Amino acid sequence: MKKSKSLLLMIALVLVIGTVLAGCGGNNNANSGNAAATNAPSDNAGTNTGNTGGEKLAADQTLKINLSSEPPTFDPQQAQDSTSNAILKLMYEGLTRQNAETGQAEEGVAESWDISADGLVYTFHLRDSKWSNGDAVTANDFAFAWQRVLDPNAEQAAPYAYQLYYIKGAEDFNTGKITDFSQVGIKVTDEKTLEVTLANPTPYFLGLLSFYTYYPVHSSVKDNAKWATTVDTQITNGPFTLTEWTTGQSLAVTKNPSYYAADDIKAQQINFSIVNSGATELLSYKNGELDRAGGPIGEIPTEQLPIVEKEFPNEFSRKGIASVYYYQFNITEKPFTNAKIRKALAMAIERQPIIDNITLGGQLPAFGFVPTGIQSNEQEFRTAVADSQYFSEDLAAAKTLLDEGLKEEGLDKLSFTVTYNTSEGHQKIAVAIADQWKKALGVEVKLENKEWGVFIEDRHNLNYQVARAGWSADYNDPMTFLDMWVTGGGNNDSGYANPDYDKLIQEAKASADNAVRQEKFVAAEKILMDDMVVIPIYYYTNNSLTKEYLKGVTLDFSGAIDLSRAYLLEH
Amino acid sequence: MIRYVFNRFLHMVVSLFVLISATFFLMKAIPGDPFTAEKKIPEQILQRLYAQYNLDKPVFEQYLLYLKNILKGDLGISMKMLNQEVTNIISQTFSSSLKLGVVAIIVAVIVGVALGMLAALYHRKLIDNVAMVMAVLGIAVPSFVVASLLQYLLAYHWKIFPVMGFKGPMNYFLPVMALTASPIAVIARLTRSSMLEVLHSEYIKTAKAKGLSWFEIVSRHVLRNGILPVITYVGPMTANIITGSVVIEQIFGIGGIGKQFVQAINTRDYPIIMGITIFYGVILMVARFLTDVAYVAVDPRIKLAGRKGD
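Here the protein sequences line up with chains A and B, keeping their order. With the first sequence counted from 1, adding 1 to any position gets you my numbering. With the second sequence counted from 1, adding 1461 to any position gets you my numbering.
By construction, these hints were calculated from the structure, which means they are not laboratory data. Just so you know, nobody snuck in bad clues.
If the Cβ cut is set under 10 Å, some of the chain B residues that face chain A in the computed set are:
(1) 1492
(2) 1543
(3) 1620
(4) 1624
(5) 1627
(6) 1711
(7) 1713
(8) 1729
Which chain B residues face chain A? A few, computed with CB under 8 Å, are given here:
(9) 1505
(10) 1513
(11) 1541
(12) 1542
(13) 1554
(14) 1626
(15) 1716
(16) 1727
What you are looking at is a predicted structure, and each value in this text was computed from that prediction instead of being measured. Idealized CB from N, CA, C, for every residue including glycine.
With the rest of the complex left out, here is chain B:
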């Protein structure tokens, strides 16, 4: 286990280094800089701004400087949001994305697994059909359509929830619904198919023959085995959701990290682009690591040590 964690950590450091380097040079390769504007800044003032942010140095030197600062844990200062530290901006915007994301993940897993279970237990019955039609819709309809539709019906037409904002619990409903439509669908389908498979396996028959109650069989054997594929999916989904959905954040007016990232790219705010990229990288790697650990917890047949090649 320790060896596994250590390997995994080394892996992460190397990946991060590659990520940082690639992003840095690609970002610099895009024409334009943070001070590009329709109304041109006079040359002398521009040169001073460049000097202030080290943009006057050769790109490779800037890169080394950046690496040096990163090692010190310094992500720098935004070039567009004046004098604001990148770490502050990330922590502020991420806290919104995280709050929304955690709620969305919990809702997605609970509703998704419950729907999938129902569908499997009532295979080919009405519940199954309804759940699967919903699942297909959830996957097929893009989230911005769901979001606009929810906004129009639940906020504007029926006036149940506010259209936008992120102040109170009422503000969570619409974005959570829009954000979870597709994950719920995927989880429901995964749960259903793997549960169906398990339900027909030999050991369930054995369990039945042993005289275990139906409830016990489902909760102890079926669910536990049937949930494995869901875990595989939930790891990346978690990373995906908590890093903020640009579309959902735009539509519902949530000051999250996804919105910030896109804005930073549009304005060439180099330190924020780098900061958020690194942050995303770390989250994704941690999520993958946790997924692997969760596998072991659920299925003792899987051994972490056996995954050396990873």
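Only chain A is shown next, with the shape it has when bound in the complex:
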């Protein structure tokens, strides 16, 4: 009996070990599979073995990058998020592209352009360039793509159609007021010439043209509503083509030999994993499974930022980006109809301790609404116009101001609710600010968190008192921040209405003179801060880790990433 008992023990052990071994058996397959995958791109490696300035390029130019969310679409006219932006920037190129160093628009598919004296008519001359299937890229492809965006009867409405409203007649066509597309200021003079007429002089229009909504699409997409959902049907004109895509798992782009500047593109392939976990991303990066981690398309856990900053000083990088984090008031309801009360709250927040202890990303304390990185009148707006002139942190003055405000409203104490969307980061900031207000001003603050969809809905419907918010740049001009607060503006969810402010914005829009625009912007921002419709908290930064052998990755003013010119050094 003893013997058979040990026999049974043996069987049990064999079963357990067998399961483990069965898995190990597959191990070899994994390695050979990976080897096959990495061999493929190195077939073309012959083109990159040249030295550039003493740097030796790696033979295998396959980049590994993580995306924390899957791009919802590969259709440039339907995209509206930063992940799609990063991928589409690899696949397409507009009339202009952004220079990585200067942030200025430079020649893209258009090799030159003429601008009329009144700043309204742009004539673009296209270079000889090709789609990935060999067809020539023509002015018609742009007109076709832009008509897709604006067509009110399109099968799929383009949510970002308003990005094209700068073009004369575009808004009227999109909203159905005019039905004849030839009345829109988009004219194909010949295959290589495109004439665009604007509604207002728009000094940043050349920059806008590098934005994805303005990318061309191949005419073959016309009869195929699902063209952007499969890999094979996507014909692109940019440095890369999409070659692999597994929903929710991974995607890959491969160098497009038909791209006109293919010689500038050193990466052969970029493999993207789709993992929505900062901790996993960081660990993979440390483990060498990723060449880069962090924003804007990936994520490093906030609490890890100070640690990795010390641990990898040569790999860590931080860059200010054109986004602002703020609290906004519903100024249609008492007590926040009173500007003194609003201003007192703004002055009683101590921003630096919040940054040092909570956000941890080296953000910049904000006292204005236009963030760092935004250009205007040939220099950075925030450098030319210091935000410290608007207001400063001053607890004693805040208390006095609050008492005055409360007296005007006939109140003896202040209590209200701060609403934020569910997220640990927003919660910590809200707790800290509520505490600062309580200590400095003795006000009673209730905190309320709401799930994202509910939160946005309530904010749009003015169903809040004080709410957290953030705004990022659509284009490189103060207008992208300031025009949202005009009376009845689509994104003005504070109820703010000030005719003086509206007038300044209108005047800036109508002017082609940079000095005049600058003057209007400064005046407008001053009104906004005097009225304290929003309490600026900080200007965002982007934090990332890049392996020392990965070069050529750039972030623009808004924090959008450009991987097209990236390459690997031997390591």
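Assemble chain B onto chain A, guided by the hints.
Here is chain B on its own, set in the frame of chain A:
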């Protein structure tokens, strides 16, 4: 048997109908819609998007439309993942969850039963104690802790397995371990206690008296009876595992259906929410049905016909 299957099928149809209706109206009751964004879409464009997806119609009409499409087997098109069919998204993401799940279930059952058997046979000995301490740990420690720990030790520290991804067999190890820690523990405990009970029963003594070998007794009598409670557990566990663990999929970067479901809820992607809910419902019901059938196979005393009340 046929009558049982038929009853069961009717039952499933009614349950599904209730599930669909409840989910549909609850989902619509949540504020926000797929086109809610921090940067508001201009009203006119928004109205066109609503019209395109029938969101401009009264909710009840939308509901009838949806039911009609379901009867045609059409789960619709995602509102966030542009122009992608819900059935495609489900089949793509489910295939990842299924691959991982099947491996996990096999590992959980084999290891769990083996550990439980060892513990029972060596009752109150070292093996038993070690196995039961492991079982308590497996139940008590949440899977995301196990997952992070495995990632840190086996992937980062010792560099045996990759941290994330789902391309080759090496990618299976960590998620399977994290996914099975708790089921193994439960199965081991269930097996142990029911085997102990059986080991002390009269018919085992009879079998011994008959002169059957110990091996034969355990494999033919003890295991067969001792495994019943495990089957009860394995049914729901199977449904649970193959429908995808959100946490495990997030941590190990597996493009599974659990991750997709949560994302769909966050973005109010109505067709995907409905599609996956229905899919989950069907899986759970099928799993329960199979469990019942498995009972009969293992224990002839149980008759399906006798379960009319079910």
